[in-house]
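J.: Residue strings, one per chain:
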Amino acid sequence: MDDAPDNALVARCLTGDVEAFAPLVRRYERVLYNVALRMLGDREEARDVTQDAFLKAFQKLDTFDPSYRFFSWMYRIVVNESLNARGRRAPVAPLEIDLPAAARADDGLREREVRDRVQAGLARLARTDREVIVLRHFAELSYADIAVSLGIAEKTVKSRLHEARQRLGRALEQGIHG
Amino acid sequence: MSGKTLEELIDGEVEGANTPLESARLREWAAREPAVAERLEVHRRAAAALAEAARENAPAGLRDTVLEKVRAGGSESQLSPASNVLVDSTPSDGNWAGRRGRGGSSMATSRKVLVGIAAAAVLAIGYFAVNGFPPVGPGAEGTVGAAKRYQSEQMNAGDVTVQDDGVQALLQSDDFRRVVADKETRAILTSREFQRAVSDASVQAVLHQLATDKSFADSIRLAAADGAAQKLFADAARSAAAADAARSGAADAARSGAADAARSGAADAARSGAADAARSGLLSLASHNQAFAQLARNEAFAKALQNGAFASLLSNQSFAGSDQQPGRRRTALERRLPAGHRERRGAEGRRRGRGRSGGRSGRPLDRQRRA
Numbered sequence: 001m002d003d004a005p006d007n008a009l010v011a012r013c014l015t016g017d018v019e020a021f022a023p024l025v026r027r028y029e030r031v032l033y034n035v036a037l038r039m040l041g042d043r044e045e046a047r048d049v050t051q052d053a054f055l056k057a058f059q060k061l062d063t064f065d066p067s068y069r070f071f072s073w074m075y076r077i078v079v080n081e082s083l084n085a086r087g088r089r090a091p092v093a094p095l096e097i098d099l100p101a102a103a104r105a106d107d108g109l110r111e112r113e114v115r116d117r118v119q120a121g122l123a124r125l126a127r128t129d130r131e132v133i134v135l136r137h138f139a140e141l142s143y144a145d146i147a148v149s150l151g152i153a154e155k156t157v158k159s160r161l162h163e164a165r166q167r168l169g170r171a172l173e174q175g176i177h178g
Numbered sequence: 001m002s003g004k005t006l007e008e009l010i011d012g013e014v015e016g017a018n019t020p021l022e023s024a025r026l027r028e029w030a031a032r033e034p035a036v037a038e039r040l041e042v043h044r045r046a047a048a049a050l051a052e053a054a055r056e057n058a059p060a061g062l063r064d065t066v067l068e069k070v071r072a073g074g075s076e077s078q079l080s081p082a083s084n085v086l087v088d089s090t091p092s093d094g095n096w097a098g099r100r101g102r103g104g105s106s107m108a109t110s111r112k113v114l115v116g117i118a119a120a121a122v123l124a125i126g127y128f129a130v131n132g133f134p135p136v137g138p139g140a141e142g143t144v145g146a147a148k149r150y151q152s153e154q155m156n157a158g159d160v161t162v163q164d165d166g167v168q169a170l171l172q173s174d175d176f177r178r179v180v181a182d183k184e185t186r187a188i189l190t191s192r193e194f195q196r197a198v199s200d201a202s203v204q205a206v207l208h209q210l211a212t213d214k215s216f217a218d219s220i221r222l223a224a225a226d227g228a229a230q231k232l233f234a235d236a237a238r239s240a241a242a243a244d245a246a247r248s249g250a251a252d253a254a255r256s257g258a259a260d261a262a263r264s265g266a267a268d269a270a271r272s273g274a275a276d277a278a279r280s281g282l283l284s285l286a287s288h289n290q291a292f293a294q295l296a297r298n299e300a301f302a303k304a305l306q307n308g309a310f311a312s313l314l315s316n317q318s319f320a321g322s323d324q325q326p327g328r329r330r331t332a333l334e335r336r337l338p339a340g341h342r343e344r345r346g347a348e349g350r351r352r353g354r355g356r357s358g359g360r361s362g363r364p365l366d367r368q369r370r371a
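Line by line, the protein sequences are chains X and L. Last residue of the first sequence: 178 in the working numbering, with the numbers rising by one and none dropped. Last residue of the second sequence: 371 in the working numbering, with the numbers rising by one and none dropped.
The hints are simulated quantities; they were obtained by calculation from the structure and are not laboratory data. A virtual CB, placed ideally from N, CA and C, is assigned to each residue, including glycine. Just so you know, not all the hints are guaranteed correct.
[Unchecked claim] Label pairs and their calculated CB-CB ranges:
hint: 1; chain 1: L; residue 1: Arg71; chain 2: X; residue 2: Arg69; range: 21 to 31 angstroms
hint: 2; chain 1: X; residue 1: Lys60; chain 2: L; residue 2: Asn57; range: 20 to 30 angstroms
hint: 3; chain 1: L; residue 1: Asp64; chain 2: X; residue 2: Ser159; range: 24 to 34 angstroms
Let's have the full structure, built from the sequences with the hints guiding it.
T.: Structure follows, in structure tokens:
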């Protein structure tokens with residue numbers, strides 16, 4: 001069952017086969033968690049958002065349009081939940097970076113530093129910029145899939161990603177020299 | 001030499017997608033212009049950092065927690081307290097459905113869904129394509145002619161566009177919503193058999209004919225209103241021996257019997273003939289279309305055919321389309337049909353046009369069209 005296409009698993013869920021949801025969770029928990037983490041910068045929140053997104057998806061499976069990719073649908077739920085979670089924070093609060101504190105003990109120092117720098121850089125970007133970077137570099141989606149996920153043209157994805165990477169590069173530069 | 005812009009060359013470089021030639025061109029460019037070199041360096045820095053920031057594993061227990069709650073019913077109360085996902089599931093910059101409705105992908109998706117659902121109608125199509133529609137009630141004479149007229153019509157280049165024109169109305173119809181909300185129908189749409197059937201050129205060609213012929217829509221509407229006919233189609237679909245029987249030549253006999261029954265004019269007899277005809281239509285299609293044969297044996301498919309919403313959708317005007325533009329060239333789909341298939345269908349349509357009503361006026365169908 002683990003090899004079954006997403007839509008086939010969704011169809012099975014819709015017929016009452018709850019276990020068919022397990023491969024979908026296994027397949028996307030990591031990438032969706034990373035999306036939430038990069039959007040929120042908080043592991044606890046990212047975990048809650050990912051968990052809730054899966055539950056919500058399961059409850060709303062009958063609204064899923066099978067002509068779309070399941071991941072794209074899930075991604076939108078996660079992003080939306082991340083934004084909602086951020087909206088619940090204190091007004092104008094900057095994106096919190098708790099990664100060093102929460103980092104696992106076995107994380108290398110350099111790895112943590114890089115992760116923190118990237119997270120800090122992402123936090124400075126506009127949401128639209130952050131989205132394309134997260135989808136391209138953390139979700140490893142193709143341009144076409146990003147376009148579908150965000151509901152924009154592939155050409156727009158490319159130009160937005162170019163600009164976003166440039167801004168991130170400059171943000172990292174400022175982080176180094178600042 | 002690559003015709004890529006500077007942006008494309010830079011993106012290709014940091015993503016490792018450039019050819020050696022393109023990389024050399026970019027290096028040359030950077031050597032010539034410090035601004036380009038600086039820009040390239042900024043992108044390299046970002047890409048390197050992103051690549052180095054390894055993806056984290058999902059927290060231990062996340063999956064188990066999700067599955068545990070899903071197995072327990074996945075109710076709203078199980079969501080984290082702060083979550084309002086059930087209240088607002090839409091993207092912040094527009095709702096999910098609205099997003100689909102705005103972009104260029106909307107029509108493509110609509111068509112995909114439309115053609116997908118339409119493929120499930122091949123049972124009915126198989127019947128109509130081979131036998132014409134049986135007279136099942138008042139006004140049936142005109143319906144028979146109309147159903148046969150469909151058989152002799154040529155596809156037109158704008159047919160696909162015609163279908164698109166009706167898509168929005170269809171999507172807004174209650175029928176469509178009911179069908180899409182139907183779990184069994186959705187299961188069919190995502191089944192492998194179904195996907196194979198819709199990807200078959202001959203099935204697609206028949207679907208396009210269905211979707212662009214108003215007279216055929218009228219026939220379908222009658223069929224949808226007739227519970228007996230629906231059941232017959234469904235019964236025929238359930239017949240696991242359909243393909244075998246078709247190969248044995250039983251289809252011809254059934255077709256012949258249906259024609260006689262239809263000519264008798266008696267509703268009961270016609271319904272009986274319709275049973276044979278439906279079966280023979282199915283058999284005929286199944287005999288040269290493996291994908292369809294497999295689909296027809298699908299139990300879920302048979303159930304969906306008995307679904308009232310599905311039948312109602314088939315009768316939807318938007319689904320059937322109404323505009324015809326005479327004199328257009330054949331579509332790509334039609335051109336993909338085997339020549340023998342086209343000729344056989346055309347000849348059969350002309351023969352029926354003469355032998356039976358040929359439409360209300362009794363004139364040959366191609367003349368009616370020109371008139």
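J.: The structure should be examined with respect to each hint, and the outcome stated for every one.
T.: For each hint, the structure was consulted:
The hint said 21 to 31 angstroms for the Cβ distance between Arg71 (chain L) and Arg69 (chain X), and at roughly 25 angstroms that hint holds. Range check, Lys60 (chain X) to Asn57 (chain L): Cβ separation about 27 angstroms, and the 20 to 30 angstroms hint holds. Checked against the hint of 24 to 34 angstroms, the C-beta distance between Asp64 (chain L) and Ser159 (chain X) comes to roughly 41 angstroms, which is inconsistent with it.
The structure fails to meet hint 3 from the earlier list, while all remaining hints are met.
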